[in-house]
Every structure is written in structure tokens, then in C-alpha cells.
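In terms of this note's numbering, the sequence shown is residues 10 to 582.
Watch out, some of these pointers could steer you wrong.
[As the list claims (entries may be wrong)] List time: in silico DSSO-like cross-link candidates among lysine-lysine, alpha-carbon distance up to 30 Å:
#	residue 1	residue 2
1	K256	K169
2	K125	K218
3	K505	K549
4	K169	K125
5	K517	K505
6	K517	K462
7	K505	K535
8	K480	K505
9	K269	K239
10	K32	K169
11	K103	K82
12	K169	K11
13	K413	K462
14	K52	K505
15	K256	K218
[As the list claims (entries may be wrong)] Simulated restraints on C-beta separations:
#	residue 1	residue 2	range
16	P144	P102	19 to 25 Å
17	E534	N54	31 to 37 Å
18	K477	A574	19 to 25 Å
19	D12	Q570	22 to 28 Å
20	A574	P102	52 to 58 Å
21	G483	K256	55 to 61 Å
22	A283	P102	39 to 45 Å
23	A574	G133	36 to 42 Å
The set of hints was computed from the structure by calculation and includes no laboratory data. All C-beta atoms, glycine included, are put in the ideal place defined by N, C-alpha and C.
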Amino acid sequence: MKDEVKRRAKRLSETSLEVSGFKCFDDFAGFERIQRMNLVIGKNNSGKSALLDLIEALVSGTAILDAATRAGKSAQIRVRQALSEQALRNTFPKNTHGGSVPGNNHWEFGCQWVGKPFSYVRSGKDRSFLQVEPPFNLQDSEDYLRSLSSNVEEPFNGMKTSRLSSERDINSEGQSKDFHLSSTGRGATNVLRRILLTKEHSNDELRRKIIEGFNEVLGPSVVLEDITLKHDEGTELWEVYLNERGKGAIPLSASGSGLKTILLVLCHLFIVPAISAKRAADYIFLFEELENNLHPDMQRRLLNLINRFSQETGCLIFMTTHSSVCIDMFHKEDDVQFLHVTQHGNVSSVESVSSSSSRYRLLDDLGVRASDLLQANAVIWVEGPSDRTYINHWISLASGNSLKESVHYQCVFYGGKLLSHLSASDPITDDDAFVKLLSVNRNCIVIMDSDIKQAGGEINETKARVLKEVKGMGGYGWVTSGREIENYIPGSVLEKVLSGEKVQLGEKWESVWDAIDATTPGLGEKLSKQKPQFAAEIVKNMTSLGSLSVDLNERIVEIVQHLRAWNGIGATE
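Whole structure, please, built from the sequences with the hints as guidance.
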């Protein structure tokens with residue numbers, strides 16, 4: 010990758026772009042940074058495509074943004090970027106001196122701000138200064154800031170976009186001199202015809218790249234030998250044919266839509282830059298929901314091809330997706346970011362989550378898929394399977410069976426490696442990945458055993474810190490009032506499960522397992538090693554919240570309220 014492409018990548022990684030009054034965005038929302046690959050996730054109609062519209066509008070011009078209004082307000086773009094040497098030289102020329110600017114010449118003063126952050130708002134063609142860090146502190150600073158606002162270059166200066174929408178197809182087409190590939194796939198047949206068949210535009214290198222790319226995505230079980238086009242003299246239409254080894258030429262119309270998606274992606278990556286006589290490095294590719302009608306294995310191979318192409322050429326990728334394959338595949342890439350779009354009412358918001366953070370490194374230790382966190386409406390962090398059984402049952406009782414795991418929330422275990430931190434006396438360090446991991450989905454509930462073993466005992470520093478962090482991000486933290494979650498089990502329920510054996514339960518900080526052992530020696534120790542099975546039997550005998558403690562009732566009611574709010578469900582629904 011050339012040095013200037015690397016410099017651009019660094020500049021964009023320090024550039025934020027936010028828009029207000031545009032599509033579904035009332036308040037400023039968008040990109041905290043621009044990475045090599047930018048993956049936009051969220052529910053249908055949440056506003057994912059609007060972010061791609063923003064990028065497309067910024068690159069192609071401001072016409073769409075100039076005309077955009079929302080709630081009676083015109084669209085505004087807020088940009089924060091590092092100041093370039095050229096912008097500062099144009100504002101503080103070397104051949105100028107005097108005035109309020111100190112030094113032998115103006116550039117001697119201005120050069121100090123190379124690489125410093127500068128922010129402005131653009132409305133239509135007008136730019137208004139917001140902030141420079143550190144401030145100029147000149148008598149006529151405002152004049153220089155206005156000049157600087159007009160001199161800073163557009164974030165995507167010199168780049169072009171190529172977009173593939175979720176509604177796409179490749180159809181037979183008549184011969185045309187138009188050399189354009191639309192976002193819906195219209196023009197693909199004609200572009201392929203001109204590239205593969207005409208003397209004027211024939212390109213064996215492009216043919217080879219497309220065939221090799223196709224075979225890479227299809228996998229070893231299928232071998233594509235050639236791509237051809239045939240002319241129907243009756244209709245004057247041309248159609249694409251795939252020549253598969255052992256099967257001959259198969260019309261694309263008889264192939265699945267997944268194969269059409271693969272071919273369209275290859276056309277955008279390889280052919281579009283070629284016919285525009287621009288480098289792939291100067292392109293921003295906008296792909297929408299490529300996973301549609303693609304087997305997970307093909308998804309992985311297609312995404313791997315796109316990722317490698319971007320790494321090798323330096324092009325930018327913006328992609329909307331629902332695919333857990335995509336999320337799980339890229340969650341540890343340092344130059345990939347996820348943008349989570351959510352909608353409340355008809356207003357969308359965006360949260361940027363950088364995959365370079367150590368929070369994602371911990372997912373493998375937890376056995377948690379990144380997609381489980383990023384795509385869930387809410388995440389409930391519990392220590393292990395038995396806690397999950399209790400929580401799911403109590404939520405079901407409190408919600409009238411209206412809230413269900415995998416639909417309204419996702420339970421995630423923090424046991425194993427993290428458990429040693431959360432239950433030990435030694436607190437974890439400030440840069441610990443778990444606390445950062447919680448913010449991947451801010452709609453989070455964290456449930457922890459207090460592990461208090463005596464009257465007047467206090468939770469350790471780690472648990473206190475987690476509670477503070479969760480509250481600060483708008484989530485819900487709960488440390489059990491007793492020693493463990495099992496201390497919430499009523500004695501009457503315990504008696505039923507133990508076939509009538511009456512267990513003398515002690516204080517809430519005393520071990521339930523020790524109490525069972527006191528009644529039937531060895532049974533408590535045995536059951537403590539079979540917590541999931543024990544929990545399953547316990548919940549069968551919990552049929553109402555009335556038999557549970559006041560503290561537990563209050564906690565579960567509050568959890569249900571949070572889950573309903575995060576799922577956009579009214580209290581009576």
C-alpha cells in the first residue's frame with residue numbers, strides 16, 4: 010500500500026463525521042472515526058442505510074444534504090479532523106508577517122497546529138467553526154478560524170463511491186454504450202458484455218480476477234471455468250452464463266440469487282475502478298446485507314475476499330449487516346469498527362464500538378460470540394448456567410411469560426477466567442477488559458453473588474467498580490443480598506426438591522450447601538457440584554413471586570422494567 014494511502018487511512022481514523030436533520034437522525038449521530046472497514050449493524054428500518062447515504066452524499070456532493078430537512082431543520086454535518094499542513098499553510102502563509110500573529114512569519118505560528126484537532130459544522134455550502142485545540146488566542150482569532158474552515162479539505166476528497174444495495178439482481182439486458190453499474194445491479198450484464206466480449210474494452214486480467222474470485226467464494230466443490238454471455242436474437246437481450254466444470258454453461262437466470270450477489274460484489278471491486286480509470290484505493294465500497302441468500306460458509310469466503318482486497322488496495326468498506334458470521338469474523342480486527350444503530354420511536358442513534366479494544370480479546374475466553382452482544386436488545390451477564398435458569402424463570406414469572414431469552418434479551422456467562430476476578434479479594438486493574446466489554450451493549454444487566462460470608466461484610470472493590478460502571482452507562486447492576494443466588498431459594502421450595510427433608514437455613518451470608526449437608530451429610534457438597542441440574546428442579550417448584558423475598562421481588566420487577574424499555578414494550582403489553 011502506498012505511503013499516501015497509509016497517510017489518508019491515519020487521517021480518516023482521526024476524523025469523525027456526524028449528521029443531524031437527515032433521514033432518521035434528529036440529533037448529531039454518525040461515525041466517531043473512519044476505519045478501513047466499517048460494519049453497521051441494527052434491526053430492520055433502524056437507520057443503517059442512512060449512514061451509507063451520508064457517506065455517499067459526502068463523496069458525491071452536498072445536493073442530497075442541502076435539500077434534506079427533518080423536524081423543520083436543515084441537515085448539518087459536524088466534522089472533527091486533524092489539521093493538515095496544507096490547510097494551515099493556506100491560512101498562515103510563510104510570506105506573510107505582522108498583525109496579531111507572533112513570530113517572524115505567519116507559518117512559524119501556524120505550523121504548531123499541524124495534526125491538531127479542528128471541528129466545524131457544515132450546513133449547505135457554508136462552514137462554521139466550532140473548536141480548535143489548543144485555541145489560537147489571537148486578537149483576530151475568529152478571522153483566522155473562518156479562513157481555516159474554508160481551507161480544510163473534505164474528508165473524502167478525491168474519492169468515489171460504489172454501492173450495492175440489498176435489493177439487487179442481474180437481469181438480461183439489451184446492448185448499450187452506457188458503462189454504468191447501478192446499486193441495484195442494473196447495467197451489470199452490459200458491463201460484463203463489454204469487458205468480456207468487445208475488442209474495445211476486452212480485459213483478460215479482469216476476466217481472470219472475476220473467475221478466481223468466484224472460485225474462492227464458491228469453495229472447492231465447485232469449479233467455475235469461464236463466464237460468457239449469449240445473445241437472444243429474438244429479444245435482442247444478452248444474458249450471463251456461468252461455465253461450471255462438468256455441467257457446462259448455465260444461465261445466470263437459472264442460478265440462485267446468492268451467486269448473483271457474489272458476481273455483483275466482484276464487479277464492484279474489480280470492474281468499477283477499471284472502467285473509471287481510478288485506483289481501487291480511491292474507492293469507498295458500500296455494501297448492504299451481503300448475507301442474503303448466502304450459505305454461512307460462502308459468507309465467510311466472500312467476506313474474507315473483501316477484507317483481503319481492502320487490505321491490499323487501501324480502499325474503504327462500509328457494510329450493513331445482520332449476519333452473526335460477519336460480526337464474529339471481524340470482531341478482533343484492529344482496523345475494523347462496528348456501528349450499532351438503534352431506533353426509539355422514529356429517531357435513530359448510533360454507537361461506535363472499535364474492535365481494536367481489548368474488550369473483544371476476552372470473548373474467546375468467555376466462549377461468547379461477538380454477535381450475541383452486539384445484536385441483542387439487552388444482555389444479562391450471569392456467572393453460569395444455574396444463574397441463567399433462575400433469572401429466566403423469575404423474569405418469566407414477573408413478566409407474565411412475555412419476556413423471553415433470545416427474543417428480548419441474551420444471557421451471557423462471565424464465569425471461568427473472569428470469575429476468578431469477580432469473586433477474589435484482589436481487585437482487577439483499571440484497564441481490565443471485562444469492564445470495557447460491558448459497554449459493547451449498554452443495555453446490560455450484571456448479576457453477581459455478593460460472596461459475603463459474615464455479618465457486616467462488604468463486597469470487594471471489583472464488584473463495587475462494576476456496579477458503578479454499569480450504572481454510569483445506563484445499565485442495571487445487582488449484587489445478591491445474600492452470599493449466593495441460591496440464598497434466595499425459599500425453605501418450602503427446598504423441602505419439596507429434597508423430598509420432604511427439612512433444611513434449617515441459616516443467615517443470608519451462610520452457605521445453603523452447608524445447611525443441606527447439616528441435614529443430609531454429603532448431599533450439599535454433591536448438589537453444589539450439580540448446580541444446573543439443581544436449579545432446574547428448584548424452578549419447577551417456584552410457581553409465583555409471592556413465595557420469594559421482598560428484595561428478590563423488587564430486583565426482578567426492576568429488571569423487567571428495564572427489559573421492556575429496551576425492547577420498546579409498554580408495561581401492559
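Evaluated hints:
1. K256 with K169: Violated, at about 39 Å.
2. K125 with K218: Roughly 42 Å separates the two Cα atoms, so the pair is violated.
3. K505 with K549: Judged against 30 Å, a Cα distance of about 10 Å means the pair holds.
4. K169 with K125: Cα-Cα ~27 Å, so holds.
5. K517 with K505: 20 Å, holds
6. K517 with K462: 9 Å, holds
7. K505 with K535: 18 Å, holds
8. K480 with K505: Between K480 and K505 the Cα gap is close to 38 Å, so the pair fails against 30 Å, i.e. violated.
9. K269 with K239: Given pair K269, K239 holds - Cα atoms ~17 Å apart, limit 30 Å.
10. K32 with K169: 22 Å, holds
11. K103 with K82: Violated, at about 41 Å.
12. K169 with K11: 18 Å, holds
13. K413 with K462: 33 Å, violated
14. K52 with K505: With a Cα-Cα distance of about 44 Å, the restraint between K52 and K505 is violated, given a limit of 30 Å.
15. K256 with K218: Holds: K256 and K218 sit about 22 Å apart, inside 30 Å.
16. P144 with P102: 19 to 25 Å: 21 Å, holds
17. E534 with N54: 31 to 37 Å: 54 Å, violated
18. K477 with A574: 19 to 25 Å: 21 Å, holds
19. D12 with Q570: 22 to 28 Å: With Cβ atoms ~55 Å apart, the hint is violated.
20. A574 with P102: 52 to 58 Å: The hinted range 52 to 58 Å holds for A574 and P102, with Cβ atoms some 56 Å apart.
21. G483 with K256: 55 to 61 Å: Between G483 and K256, where Cβ atoms are some 56 Å apart, the hint holds.
22. A283 with P102: 39 to 45 Å: Given a distance of about 41 Å, which is inside 39 to 45 Å, the answer is holds.
23. A574 with G133: 36 to 42 Å: Because 38 Å falls inside the window, the suggested range holds.
The structure fails hints 1, 2, 8, 11, 13, 14, 17 and 19 (numbered hints given earlier, in ascending order).
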